[in-house]
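*Asks:* Single-letter residue listing:
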Amino acid sequence: METRDWIRDGLRAVADGALAIALSISSLVVLGLFLLALVTTPVLGLGALLLPQVTKLVRLRAGAGRRIAGRWGVPVATPYRPRPPAGGFPGWRPFRWVISDPATWRDLAWLLPGAIVGLVLGLGSLAIPLYGLQGILLIPLWIWLGTGWYGYGVTWPITSVSEGFLSLPQGALILAIGLAAAPYLRRADALFAQLLLGPTRNAELRLRVTQLTVTRADTVDAQAAELRRIERDLHDGAQARLVSLGMTIGLAEEMVDRDPAAARQLLAEAREASSTALVELRHLVRGIHPPVLAERGLDGAVRALALNLRIPTSVDSDLSGRLDTPVESAAYFAIAEALSNATVHSGATFAYVSIKRTDDRLLMEVGDDGHGGADPSRGTGLRGIERRLAAFDGTMTLTSPPDGPTIVTMELPCALSSPRTMLSSGTD
Amino acid sequence: MRVVIAEDHALLRDGLTRLLEAFDFEVVATVDNGPMLLPTLLERKPDVAVVDVRLPPTFTDEGLQAAIAARTEVPGMPILVLSQHVEPLYARELLGDRVGGVGYLLKDRVSNVAQFVDAVHQVAGGGTVMDPEVVARLLDRSRPLDVLTVREREVLGEMAAGRSNAAIAGRLFVTEKAVSKHINNIFTKLGLPPSDDDNRRVLAVLAYLNA
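If you read the protein sequences in the order shown, they are chains A and B.
With this note's numbering applied, the first sequence covers 1 to 428.
With this note's numbering applied, the second sequence covers 1 to 211.
Please keep in mind that the hints were generated in silico from the structure rather than gathered at the bench.
Computed from a prediction, not measured in an experiment: that's the story for all the values here.
The beta-carbon is built from N, C-alpha and C at its ideal position, and this holds for glycine as well.
Hints may be right or wrong, so weigh each one.
[To be verified] Residues from chain B that keep clear of chain A, each with C-beta distances beyond 10 Å, as calculated:
1) Pro-75
2) Pro-88
3) Gly-127
4) Leu-172
[Stated by the list, open to error] Some chain A residues judged to face chain B by a derived CB distance under 8 Å, without partners named:
5) Arg-241
6) Arg-271
7) Ser-274
8) Asp-299
[Said to hold, decoys possible] If you anchor each label on the Cβ, the simulated ranges turn out as follows:
9) Gly-126/B to Asp-316/A: 31 to 41 Å
10) Ile-288/A to Ala-178/B: 38 to 48 Å
11) Ala-166/B to Glu-253/A: 56 to 66 Å
12) Val-74/B to Thr-395/A: 28 to 38 Å
13) Gln-211/A to Arg-98/B: 21 to 31 Å
14) Arg-258/A to Val-74/B: 49 to 59 Å
15) Ala-22/B to Gly-384/A: 48 to 58 Å
16) Pro-57/B to Arg-258/A: 42 to 52 Å
17) Asn-185/B to Ala-240/A: 30 to 40 Å
18) Asn-185/B to Leu-234/A: 25 to 35 Å
19) Glu-254/A to Gln-115/B: 24 to 34 Å
20) Arg-98/B to Phe-350/A: 43 to 53 Å
21) Gln-115/B to Thr-210/A: 33 to 43 Å
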């Protein structure tokens, strides 16, 4: 690590140490308020109204602890249960929501020990560099000169002026140690916070269930809509055409002896109708699962897609072997949607696709040189991509500044080690 | 003329056989799966083969792969590839060896019997026949081939579909002389060196696909 980075990290840690001291004191205040609310609960239900408000404070304080822990490389997820819908007897639901969430009590349990640890570590990370600074500024020498009795580090007490000057190298060393140690003290504080502020295994699973419920509902909805669309297309398209085809051929059969010329005309019409039905079916099939995807996998299908686009599109892919069919399909349609946005809306003259696979993730990037300003909340296309990917725990991020370029980055878990299998094996 | 047919659907296989035999082709072998196709093609050395892209056992693109492999072994072996869908990507792969005698058509085209038989003859004679849909999709893009005039692009599209100068002249309502002038312009603009005319036609189409 560069010396500058090292000093910067140290100073940041010292500053956060000072912040931790202030926050620790606020923890004690918040704890006091909470206990007050709890104690007054039996009294006319006063606490019942107070408690949710105080809990907000507790959660604010715990949230700050989580964010600071995250700054020092210890990510702490938020463990709270989702807020219940409003309604019912006023005050009762929020009260129950707060009281029955174990995370509330874990927050509370953290407040006091967290404050103590925060104070001790915060003071430590402040005191050591300050002591070093005292030595560097030769303050011990001045005090000794004034009072005749003082010392610093190993030269305690100071007996001569030259010994007094020794506080300078000692101070420098102590300051260096203080700055080097401060980030570790912060990390220790963060790890302690994680112990109580992070979700328990139980809460983690509950959060996961909530998320799965939402994505499953989305997926089921999208699939039902898709099936309805296919049914309608078949009913109004190919099916109707086949019926009319049968009729035309039947009519031709009737007329073949009486009026061969008319019969031939009808047969030509029938052939025409069969071609149209086939075209419709082909479009429908491409929308369900493009044949080229089945034949060539993601890599080949995206290359084929790029050849069909109105603007030149480069494809850079290091995929070898096939992905699972559902993942392959989700990835393909996500890329296709992103590319169609690029060609239709952005006014781009060039687009690119990059597909990379790490051990267990599929990373896709679609970019163009268009005018940017794409807004996921405006179109249904980008939202659709998000939904498609979410069904597989995938994510999408979009950067599209007003002057471009637009870049859509998508990520999909694509190996056996996906969270789905990890979780199901963790519950037994 | 000796034909090998590769098609896994029994109905279509029989239909194709009946259709081609009605037009004086001799169907020397029919194949209903991928692994059998390449050995059959190499052993029978037909005058032309009609091959479905998707065949058992994997139902992906083994027909196409076998066609490309057979043409690597026997350069220029005339093969007409049929498929339920067409992809410019596949067309490019088929034309990649830069020797004619290749066709790539939607299966639907079989229903226009006269045109289909004509296409089989053209492929057997070393020509190149691309499905109008491939051509249409290429025309739909605004890509480098902008150096060509609108008329020249039309002519190139007709060439890709395997039409002769006379046929192109008839369809575009111009004289054959004008057509051959357009074609020479296309060759010059695409930087195709003077060579055997048939081969240059394939190269021009390939340049189109690669753009």
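*Asks:* Against this structure, judge whether each hint is valid.
*Replies:* Outcome of the hint check:
no.	hint	result
1	Pro-75	holds, 25 Å
2	Pro-88	violated, 5 Å
3	Gly-127	holds, 23 Å
4	Leu-172	holds, 23 Å
5	Arg-241	violated, 13 Å
6	Arg-271	holds, 5 Å
7	Ser-274	holds, 6 Å
8	Asp-299	violated, 11 Å
9	Gly-126/B to Asp-316/A: 31 to 41 Å	holds, 37 Å
10	Ile-288/A to Ala-178/B: 38 to 48 Å	holds, 45 Å
11	Ala-166/B to Glu-253/A: 56 to 66 Å	violated, 38 Å
12	Val-74/B to Thr-395/A: 28 to 38 Å	violated, 50 Å
13	Gln-211/A to Arg-98/B: 21 to 31 Å	violated, 54 Å
14	Arg-258/A to Val-74/B: 49 to 59 Å	holds, 52 Å
15	Ala-22/B to Gly-384/A: 48 to 58 Å	holds, 50 Å
16	Pro-57/B to Arg-258/A: 42 to 52 Å	holds, 50 Å
17	Asn-185/B to Ala-240/A: 30 to 40 Å	violated, 47 Å
18	Asn-185/B to Leu-234/A: 25 to 35 Å	violated, 47 Å
19	Glu-254/A to Gln-115/B: 24 to 34 Å	holds, 28 Å
20	Arg-98/B to Phe-350/A: 43 to 53 Å	violated, 28 Å
21	Gln-115/B to Thr-210/A: 33 to 43 Å	violated, 60 Å
Hint compliance for this structure: hints 2, 5, 8, 11, 12, 13, 17, 18, 20, 21 are not met, and every other hint is.
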